[in-house]
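Chemist: As a plain string of letters, each chain reads:
Protein chains: 2
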Amino acid sequence: MNIGIIGAGNMGAGLGRLWAKAGHQVVFSYSRDEEKLHKLATSAGVTAKAGTLQDAAAQDIILLAVWLPALEEVLQGVGSLDGKIVITCVSGLQPDFTGQTIGLATDLKTSVAETIQQLIPNAKVVEAFNSTFAEIIASESRQFGSDFPSIFYCGNDIEAKQIVANLIEDCGYEPVDAGNLLVARTLETLATAWVQFAVSSHLFPNLGLKALRR
Amino acid sequence: MNIGIIGAGNMGAGLGRLWAKAGHQVVFSYSRDEEKLHKLATSAGVTAKAGTLQDAAAQDIILLAVWLPALEEVLQGVGSLDGKIVITCVSGLQPDFTGQTIGLATDLKTSVAETIQQLIPNAKVVEAFNSTFAEIIASESRQFGSDFPSIFYCGNDIEAKQIVANLIEDCGYEPVDAGNLLVARTLETLATAWVQFAVSSHLFPNLGLKALRR
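Those protein sequence lines, which keep their order, are chains A and B. When the letters of the first sequence are read in order and numbered with this note's numbering, they come out as residues 1 to 214. When the letters of the second sequence are read in order and numbered with this note's numbering, they come out as residues 1001 to 1214.
In short, the hints are calculated from the structure, not lab data. You may find that some hints are simply not true.
[To be verified] Far from chain B by the CB rule (all over 12 Å, computed), these chain A residues:
hint	residue
1	His38
2	Pro69
3	Gly83
4	Asn122
5	Gly145
6	Asp147
7	Glu188
[Stated by the list, open to error] A few chain A residues facing chain B, derived, Cβ under 8 Å:
hint	residue
8	Trp67
9	Ala134
10	Ile163
11	Gly179
12	Val183
Positions of the beta carbon are idealized from the N, C-alpha and C atoms, including for glycine.
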């Protein structure tokens, strides 16, 4: 697949690396540090390169991996995303994530993912990757003994969700279909609570959430 | 062990049954329906019986499994719990739990468990069992394929926590020490978010949360 990564923080860099390693064409973009972006692309392998925000947005699949406050600027500058699969891992988590002091950014009446879908109504928005940690993504493997952490994903387009499920598997996680984009309300809340709990319990970061089903 | 169960709802009844089955002496109490309480005790086996709130409170280990609004009445009527191990699975969840409409009961500045500890300062309060569902507790087994769901527990007394860890194992779950009682703030929030998410994603109730560690 052709994947554009918007945001070169830990999440964007880490997922882009894993996808490039899996053989996908990856365009990294949107860093305040151009040199860092080029180094990232070089280290990610031959199928990766650095590009502009517009280069990233020209790919078939876009990963939005920016902080919440940057979201509007990005979506305004990016050009049309009509028909694209847009994966968001943008959380409601505050930038200074300590376990005790942050509140939840959503009140279960909307979600970051739904807000994104409203801003780009003709894109196929899928939420994913918000209940894992960048430290796990950046590590050698997603394996915990004989287990693999689950990644919940939700969205309204079935085909887009299947493609995202495959991309989740490419990263070494177990994809779990959580439903339509409305579910992002509780998924983002869960993810925020999970990070807060991981930090306050001192189980962070070598902790994976696995959803057991039967 | 001698265990008093306060609250004969799905959580109290289910956990009491499992502990009685594991050979512990269990006293069920605090139901509006006396007959239901006796039927529950009879069906739970020879090591179980029905009793008053005070009978339950006279045991070495007490499980508080009541709705949040009943908590103060219970703790006022129960007599001294000094030195007892008090397990709380009382959640901040509202009685009408749908996935979309309830908010979180805590603001991460306190927790139900810490409030209980303040009300009974000489008891050894341990929070546990709030990220699993009564439906799983009531089912034939806690097993999901080759996996068992995790139960996080937290508290300030190391010895009490070890005893609770054993009681968690007796129920067929994997105990995970999450830290001191302060962690209840995020643990209760996580549990509430987990239930909300399970409902809104339609993965409820055959869903277990397993914490992977490495």
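Chemist: Each hint: holds or not?
Modeler: Status of the hints after comparison with the structure:
1. Taking the minimum C-beta to C-beta distance to chain B, about 33 Å, the non-interface status of His38(A) holds against the 12 Å cut.
2. The beta carbon of Pro69(A) sits about 21 Å from the closest Cβ of chain B, which is more than 12 Å, so the claim that it is off the interface holds.
3. Residue-level check passed: Gly83(A) sits 26 Å from the nearest beta carbon of chain B, beyond 12 Å.
4. Even its closest Cβ contact with chain B, about 25 Å, leaves Asn122(A) beyond 12 Å, as expected for a residue assigned away from the interface.
5. At roughly 7 Å, the least C-beta separation between Gly145(A) and chain B is not larger than 12 Å, which violates its mark as non-interface.
6. In this structure Asp147(A) is not separated from chain B by more than 12 Å, as the shortest Cβ-Cβ distance comes to only about 5 Å.
7. Residue-level check failed: Glu188(A) sits 9 Å from the nearest beta carbon of chain B, not beyond 12 Å.
8. Hint on Trp67(A) is violated. Least Cβ distance to chain B is approximately 21 Å, over the 8 Å limit.
9. For Ala134(A), the interface hint is violated, the least distance from its beta-carbon to any beta-carbon of chain B being 16 Å, above 8 Å.
10. Violation of the interface hint for Ile163(A) is found here, the shortest Cβ-Cβ separation to chain B being roughly 20 Å, above the 8 Å cut-off.
11. Because the smallest distance between the Cβ of Gly179(A) and any Cβ of chain B comes to about 5 Å, under 8 Å, the interface hint for this residue holds.
12. A cut of 8 Å between beta carbons decides the hint on Val183(A): the least distance to chain B is about 5 Å, and the hint holds.
Violated hints, listed in ascending order, are 5, 6, 7, 8, 9 and 10; each of the other numbered hints is respected by the structure.
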